[in-house]
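Novice: Listed here are the chains, written in short residue letters.
Number of protein chains: 2
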Amino acid sequence: MITNRNKIQVDNYMKTMDEVKQHLLDHEVKPSLQRIAIMKYLMENKTHPTVDEIYNDLYESIPTLSKTTVYNTLKVLTDKGAAIMIGIEEKNARFDGDTSPHAHFRCKDCGCIYDIPLDENNTIFVDGIGELIIEEVRLYYKGLCKECAERSKHNNITNEETAS
Amino acid sequence: MITNRNKIQVDNYMKTMDEVKQHLLDHEVKPSLQRIAIMKYLMENKTHPTVDEIYNDLYESIPTLSKTTVYNTLKVLTDKGAAIMIGIEEKNARFDGDTSPHAHFRCKDCGCIYDIPLDENNTIFVDGIGELIIEEVRLYYKGLCKECAERSKHNNITNEETAS
DNA sequence: ATTCCTATTTGTAATCATTACAACTCTATT
DNA sequence: AATAGAGTTGTAATGATTACAAATAGGAAT
Numbered sequence: 001m002i003t004n005r006n007k008i009q010v011d012n013y014m015k016t017m018d019e020v021k022q023h024l025l026d027h028e029v030k031p032s033l034q035r036i037a038i039m040k041y042l043m044e045n046k047t048h049p050t051v052d053e054i055y056n057d058l059y060e061s062i063p064t065l066s067k068t069t070v071y072n073t074l075k076v077l078t079d080k081g082a083a084i085m086i087g088i089e090e091k092n093a094r095f096d097g098d099t100s101p102h103a104h105f106r107c108k109d110c111g112c113i114y115d116i117p118l119d120e121n122n123t124i125f126v127d128g129i130g131e132l133i134i135e136e137v138r139l140y141y142k143g144l145c146k147e148c149a150e151r152s153k154h155n156n157i158t159n160e161e162t163a164s
Numbered sequence: 001m002i003t004n005r006n007k008i009q010v011d012n013y014m015k016t017m018d019e020v021k022q023h024l025l026d027h028e029v030k031p032s033l034q035r036i037a038i039m040k041y042l043m044e045n046k047t048h049p050t051v052d053e054i055y056n057d058l059y060e061s062i063p064t065l066s067k068t069t070v071y072n073t074l075k076v077l078t079d080k081g082a083a084i085m086i087g088i089e090e091k092n093a094r095f096d097g098d099t100s101p102h103a104h105f106r107c108k109d110c111g112c113i114y115d116i117p118l119d120e121n122n123t124i125f126v127d128g129i130g131e132l133i134i135e136e137v138r139l140y141y142k143g144l145c146k147e148c149a150e151r152s153k154h155n156n157i158t159n160e161e162t163a164s
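Protein chains in written order, with this note's numbering: chain Z, 1 to 164; chain L, 1 to 164.
Check before you lean on any hint, since a few could be wrong.
To be verified - Which stretches of chain Z does chain L cover? Using the computed rule of at least three CB atoms under 8 Å from a CB of chain L, they are:
| # | stretch |
| --- | --- |
| 1 | 42 to 48 |
| 2 | 65 to 74 |
| 3 | 89 to 102 |
| 4 | 105 to 118 |
Treat the hints as calculated values from the structure; they're not laboratory data.
All residues carry an ideal CB built from backbone N, CA and C; glycine is no exception.
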């Protein structure tokens with residue numbers, strides 16, 4: 001599988017340390033050396049990398065980096081909304097520094113994962129990528145179902161009552 | 001988490017052995033005892049069960065059942081298009097006997113996974129389920145990107161040429 | 001019925017991504 | 001410089017899934 005075809009675009013996305021730092025602060029993440037490096041990597045590499053890919057690529061410049069730190073940091077970033085986890089692959093989680101609403105397309109042959117903008121009429125010819133032959137669509141929603149929303153609302157009310 | 005709320009609907013979906021057997025044959029799956037049982041379970045239980053849930057529930061009636069068989073059978077079923085795998089959860093794969101195009105909604109509180117019909121106007125009030133509060137949408141496409149489609153087409157042509 | 005062949009099933013062992021945890025380091029504050 | 005707290009690191013554990021080889025069942029041919 002051809003993993004890094006999108007990397008030719010890396011130069012277009014280059015970010016300064018300060019830009020990345022500010023982005024972390026905007027999401028209430030304290031900017032450590034490792035966190036900046038990982039966030040910068042996600043912002044510059046639109047390839048939806050795995051933990052291993054992030055770790056291996058950053059290890060050169062940060063030889064003390066631990067894979068656990070990559071896991072920890074990605075958890076912080078996703079919890080704080082600075083990145084999202086993508087479950088399009090069966091095995092590995094993949095990560096995306098772009099948290100704006102968009103879909104993903106995974107080529108079943110080369111394994112590349114492309115970003116698909118979500119427009120109303122659901123066209124599937126994407127500028128710069130071309131025509132995509134869709135064999136499978138998976139649409140997942142997460143949130144609260146009616147019963148849990150009501151229970152949660154009720155609990156909040158009772159909590160406020162007992163708190164006051 | 002409340003896993004089996006949907007089970008109250010099981011009775012509505014009851015299938016005979018023959019119905020299930022025919023369904024397997026339609027998908028070119030040789031209907032063994034175990035395969036019928038697992039397919040029947042998926043057709044009757046719309047709860048999007050995990051491997052463990054399927055195994056534990058069927059173990060009572062088939063005490064010789066092996067978890068490996070459940071894995072093997074689910075792989076056969078998904079390969080042959082008689083079922084689909086759902087990756088909405090981080091840990092476990094879930095399975096669905098309904099292969100028609102539809103979305104899934106996972107309640108972040110109780111963990112229930114509901115089927116969402118895909119209509120044009122993307123409404124999200126579902127009969128029998130009620131209003132769903134969406135906090136997260138993940139839309140995944142899989143297929144072939146332009147380059148792989150062309151490469152594949154080219155390979156087919158050359159294969160045909162060499163074969164003739 | 002018996003033999004043979006193949007597909008299916010089964011149990012165990014291995015794999016591998018992820019998480020738990022405890023020790024260590026770094027920085028800021030007093 | 002001592003302390004505290006957050007962040008980092010390495011190792012060990014977890015747990016879902018897969019690999020594999022042995023056992024079993026089923027069907028066709030004799």
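Novice: If a hint holds in the structure, say so; if it does not, say that too.
Specialist: Structure-based check of all given hints:
Closer than 8 Å: that is the beta-carbon criterion, and the stretch 42 to 48 of chain Z has 0 residues meeting it against chain L, so the requirement of 3 is violated. For a cut-off of 8 Å, the count of residues in the stretch 65 to 74 of chain Z with a CB near a CB of chain L stands at 0, and the three-residue condition is violated. Evaluation of the coverage hint for the stretch 89 to 102 of chain Z: fulfilled, as 3 residues show C-beta separations to chain L shorter than 8 Å, against a requirement of three. Residues of the stretch 105 to 118 of chain Z lying with their CB closer than 8 Å to a CB of chain L number 10, which satisfies the three-residue condition for coverage.
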